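A.B. asks: Here are the chains, one letter per residue:
Protein chains: 2
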Amino acid sequence: MPQQFTLFHSLLDRDVMSAKNIFYAQSGGVTAVINTTACGLIETAAQYPQYFDKIYAGNNGILGALHEELIDLSQEDPQQLAALKHTPGGAFGSCRYKLKCLTNNRAEYQRLVDVFAAHNIGYFFYNGGGDSQDTAHKVSQISAELGYPLTCIGIPKTVDNDLPFTDHCPGFGSVAKYVAISTREAGLDIASMCKTSTKIFILEVMGRHAGWIAAAAGLAQENPSDPPHLIIFPEVDFDANIFLQQVQHTVETQGYCVIVVSEGARDASGKFLSEGANRDAFGHVQLGGVAPYLAQLIQQKHGYKYHWAVADYLQRAARHIASATDVEQAYAVGKAAIEFAVAGYNAVMPIVIRESDHPYRWHIDQVPLAEVANQERVMPKEFISANGFHITDAARRYLAPLIQGEDYPPYHQGLPVVARLKKICVAKKLPAFEKK
Amino acid sequence: MPQQFTLFHSLLDRDVMSAKNIFYAQSGGVTAVINTTACGLIETAAQYPQYFDKIYAGNNGILGALHEELIDLSQEDPQQLAALKHTPGGAFGSCRYKLKCLTNNRAEYQRLVDVFAAHNIGYFFYNGGGDSQDTAHKVSQISAELGYPLTCIGIPKTVDNDLPFTDHCPGFGSVAKYVAISTREAGLDIASMCKTSTKIFILEVMGRHAGWIAAAAGLAQENPSDPPHLIIFPEVDFDANIFLQQVQHTVETQGYCVIVVSEGARDASGKFLSEGANRDAFGHVQLGGVAPYLAQLIQQKHGYKYHWAVADYLQRAARHIASATDVEQAYAVGKAAIEFAVAGYNAVMPIVIRESDHPYRWHIDQVPLAEVANQERVMPKEFISANGFHITDAARRYLAPLIQGEDYPPYHQGLPVVARLKKICVAKKLPAFEKK
Chain H
1 MPQQFTLFHS LLDRDVMSAK NIFYAQSGGV TAVINTTACG LIETAAQYPQ YFDKIYAGNN
61 GILGALHEEL IDLSQEDPQQ LAALKHTPGG AFGSCRYKLK CLTNNRAEYQ RLVDVFAAHN
121 IGYFFYNGGG DSQDTAHKVS QISAELGYPL TCIGIPKTVD NDLPFTDHCP GFGSVAKYVA
181 ISTREAGLDI ASMCKTSTKI FILEVMGRHA GWIAAAAGLA QENPSDPPHL IIFPEVDFDA
241 NIFLQQVQHT VETQGYCVIV VSEGARDASG KFLSEGANRD AFGHVQLGGV APYLAQLIQQ
301 KHGYKYHWAV ADYLQRAARH IASATDVEQA YAVGKAAIEF AVAGYNAVMP IVIRESDHPY
361 RWHIDQVPLA EVANQERVMP KEFISANGFH ITDAARRYLA PLIQGEDYPP YHQGLPVVAR
421 LKKICVAKKL PAFEKK
Chain C
1 MPQQFTLFHS LLDRDVMSAK NIFYAQSGGV TAVINTTACG LIETAAQYPQ YFDKIYAGNN
61 GILGALHEEL IDLSQEDPQQ LAALKHTPGG AFGSCRYKLK CLTNNRAEYQ RLVDVFAAHN
121 IGYFFYNGGG DSQDTAHKVS QISAELGYPL TCIGIPKTVD NDLPFTDHCP GFGSVAKYVA
181 ISTREAGLDI ASMCKTSTKI FILEVMGRHA GWIAAAAGLA QENPSDPPHL IIFPEVDFDA
241 NIFLQQVQHT VETQGYCVIV VSEGARDASG KFLSEGANRD AFGHVQLGGV APYLAQLIQQ
301 KHGYKYHWAV ADYLQRAARH IASATDVEQA YAVGKAAIEF AVAGYNAVMP IVIRESDHPY
361 RWHIDQVPLA EVANQERVMP KEFISANGFH ITDAARRYLA PLIQGEDYPP YHQGLPVVAR
421 LKKICVAKKL PAFEKK
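From first to last, the protein sequence lines stand for chains H and C. Take the first sequence: its position 185, counted from the start at 1, is 185 in this note's numbering, and no numbers get skipped. Take the second sequence: its position 328, counted from the start at 1, is 328 in this note's numbering, and no numbers get skipped.
Please note: incorrect hints may appear among the correct ones.
Stated by the list, open to error - Straight-line alpha carbon distances no greater than 25 Å define the calculated PhoX-like cross-link-like pairs of lysine-lysine that follow: (1) H/K429 with C/K428; (2) C/K428 with C/K54; (3) C/K54 with H/K100; (4) H/K381 with H/K20; (5) C/K429 with H/K422; (6) H/K423 with C/K428; (7) H/K195 with C/K381; (8) H/K428 with C/K428; (9) H/K195 with C/K423; (10) C/K422 with C/K54; (11) H/K195 with C/K429; (12) C/K195 with H/K195.
These are computed hints drawn from the structure, not numbers from a lab. Owing to the predicted nature of the structure, the values given are computational and were not obtained by experimental measurement.
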């Protein structure tokens with residue numbers, strides 16, 4: 001009887017290959033396309049039932065594992081899971097929670113392995129930035145040490161574009177596109193107002209330690225007189241006098257001045273131009289407000305009327321104008337994560353390799369997590385122009401391909417359609433985790 | 001000979017109808033679609049050569065007339081003029097310059113008429129807000145008084161949506177759409193971060209005296225638990241204690257709180273929550289910074305981690321996600337302005353009349369400038385919910401049609417294509433204008 005035989009064969013396959021469950025978690029600041037990566041992972045995993053049984057997503061990232069809050073994606077409407085591709089934010093909840101080092105807090109790592117074991121989890125996919133890649137690496141170490149068979153794959157994601165090895169990080173291209181477009185658009189606005197009114201427009205963008213996002217604004221400039229006129233990078237020590245001279249020169253020659261400033265802009269002593277009162281869970285200072293600071297500086301010196309904008313979350317959530325290139329690559333790293341796991345890789349991170357700038361060609365490769373962990377990539381010096389206030393042609397060649405194409409989400413009633421998930425967690429099997 | 005006859009007939013037509021030149025000027029704060037209106041006017045005028053000869057656009061608005069800086073649109077590449085339809089900002093330059101009252105500053109009005117006469121201008125189209133409609137009205141009065149034949153048509157434009165008679169102002173629908181989309185997107189971002197990090201997100205939007213733009217953010221809310229959770233309107237006296245209670249309640253029930261605040265938010269004494277140091281040429285206080293003010297207030301009371309964004313020019317320049325309805329109507333008022341002039345109307349403003357909410361139907365009508373001038377439309381009380389922090393169903397019915405449809409601009413190299421104008425002015429015929 002063929003049907004029985006098929007069933008037997010399928011069971012045998014499952015047994016031989018020992019299909020295991022997946023644990024997927026989102027970590028750190030989210031992006032316009034981290035859910036696209038989740039979608040790539042989910043849709044690709046479905047093609048390998050002999051390897052993967054259920055997919056559990058961590059409710060609020062790695063905390064979902066620690067607290068055994070595992071969202072069972074088999075309970076979700078497949079249409080809503082497909083909608084993840086065009087939904088910004090982190091659909092399962094992210095977190096800013098850094099696991100301590102192995103020697104000082106072994107209990108947390110042990111707990112992760114206990115939860116994984118209790119739920120037959122054989123695959124851990126951790127979608128985040130540098131800190132998360134470090135965690136994924138440590139989890140792979142301890143699971144090996146404990147003899148628990150676990151495939152750990154880190155998946156890159158940061159708007160800050162600060163992960164090493166990969167040509168760039170999924171998430172960056174879309175914020176880059178948003179910032180470049182916004183700079184061009186707002187630049188046209190102030191150009192029309194400057195004769196009798198506003199002469200200064202300052203846009204503050206993200207980028208704590210590196211000026212990648214601010215640099216992307218430079219793409220808005222086609223002709224030398226186009227905005228942005230000045231870009232303030234964290235990589236260049238801010239000198240108020242030189243800056244104010246540049247502003248004056250620009251207003252006198254162009255009639256107005258558009259400035260894009262990185263939130264991480266700092267002076268020669270290393271002090272941020274504007275520091276908020278908060279620190280996040282990783283101990284990073286929470287920034288914001290350098291735009292109004294610069295506006296005041298200019299007003300006091302030159303008396304120019306100003307406007308300023310702080311894009312904040314708007315820039316990294318702007319799925320409505322995501323880069324099609326970024327969307328494609330965000331999906332590709334999720335897909336590749338599954339394929340690397342199937343191919344037997346462990347403790348690696350998919351990376352984007354650039355083959356050529358023009359025509360733009362790329363493919364996905366992988367790098368060991370041991371090499372990625374806690375490294376931060378800075379922007380090359382040759383990307384910043386000699387005067388320190390703009391980008392070079394080398395930067396343009398690097399940045400331009402990343403913002404190509406528009407991947408528009410579907411709309412309903414004038415607003416983008418987003419995934420609506422039920423987020424049903426599986427029944428807990430372990431006692432609650434008591435953090436020491 | 002048919003050809004000769006046609007030529008003769010055409011000359012006769014021109015002579016009989018005495019084709020005159022057009023003066024078109026943009027005024028006040030620009031929008032994502034004021035150039036769409038210009039495009040509608042230019043393309044429609046071309047259909048009536050027997051009425052209209054050349055089109056001159058004021059270089060920097062009405063100042064272009066006072067200083068005899070008349071941009072000759074016949075010198076522009078027709079492709080670039082067509083690109084105005086999808087170019088934000090004011091392509092010919094706008095200005096914040098209010099003509100004084102007729103009795104105190106007759107010289108300025110006289111100068112306008114002198115320049116119009118010197119350049120055979122028979123039609124004055126003034127594209128702006130309330131102050132501009134007032135000016136258009138006064139110009140029509142003085143030209144009549146002086147016996148100079150001039151057709152004056154005001155064309156509505158404000159993101160603030162504060163002009164009377166028209167159902168809404170072209171320009172408002174696009175900023176409304178941008179703000180609603182941004183609120184939904186950023187809301188998804190903070191929802192994913194709130195477990196361990198940011199619990200408060202505040203988006204500051206424009207709206208000096210009326211909460212129309214802030215109200216539009218309310219459209220992002222589909223379910224009662226969706227962002228935005230609280231909207232701060234200028235129409236509702238801000239009470240810090242009630243506000244802080246609402247914030248706490250929202251965080252305790254939803255895990256986070258998204259607040260949209262109008263720049264014009266004020267307390268019971270009428271004082272703006274945050275006032276900038278500047279005043280513009282109309283004497284209006286320049287606002288900005290109420291978002292960080294509220295963030296501090298919340299932090300001091302509750303200690304919640306916050307993020308805030310100030311959209312500023314980004315919101316009114318966001319042509320990349322313009323409302324298709326707004327684009328269509330912005331074009332329609334430019335077209336109608338020409339058609340009203342052809343039909344012999346004078347001193348009127350085209351307005352949008354709503355025929356029904358659902359299905360949304362509208363048409364263009366007109367209203368005398370005498371009735372428009374210096375009136376400001378406020379948001380109806382019944383648009384604000386009983387607790388003062390959200391919009392009602394009535395507001396939704398009004399707002400929803402205005403954000404329908406996406407009118408995407410063309411892109412090149414990942415960035416929106418915008419009009420590039422030469423802005424060549426005609427030779428001056430008069431001595432320079434000395435302002436008294």
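A.B. asks: CA of C/K422 to CA of C/K54, is that 25 Å or under?
C.D. replies: 16 Å, holds
A.B. asks: Verify the proposed pairing of H/K381 with H/K20, using a straight-line Cα cut of 25 Å.
C.D. replies: 46 Å, violated
A.B. asks: Please work out if H/K429 and C/K428 have their alpha carbons no farther apart than 25 Å.
C.D. replies: 86 Å, violated
A.B. asks: Holds or violated: are the alpha carbons of H/K428 and C/K428 at most 25 Å from each other?
C.D. replies: Distance of about 83 Å is beyond 25 Å: violated.
A.B. asks: Keeping to a limit of 25 Å between CA atoms, is the pair of H/K195 and C/K423 held or broken?
C.D. replies: 15 Å, holds
A.B. asks: Within a Cα-Cα threshold of 25 Å, do H/K195 and C/K429 meet the stated pairing?
C.D. replies: 23 Å, holds
A.B. asks: Please work out if C/K428 and C/K54 have their alpha carbons no farther apart than 25 Å.
C.D. replies: 15 Å, holds
A.B. asks: Please work out if C/K54 and H/K100 have their alpha carbons no farther apart than 25 Å.
C.D. replies: Roughly 73 Å separates the two Cα atoms, so the pair is violated.
A.B. asks: Check whether the Cα positions of H/K423 and C/K428 lie no farther apart than 25 Å.
C.D. replies: 70 Å, violated
A.B. asks: Sort out whether H/K195 lies within 25 Å of C/K195, counting only the CA atoms.
C.D. replies: 47 Å, violated
A.B. asks: Given the hinted pair H/K195 and C/K381, is their Cα-Cα distance within 25 Å?
C.D. replies: 38 Å, violated
A.B. asks: Can the restraint linking C/K429 and H/K422 be considered satisfied, given a maximum Cα separation of 25 Å?
C.D. replies: 72 Å, violated
The structure fails hints 1, 3, 4, 5, 6, 7, 8 and 12 (numbered hints given earlier, in ascending order).
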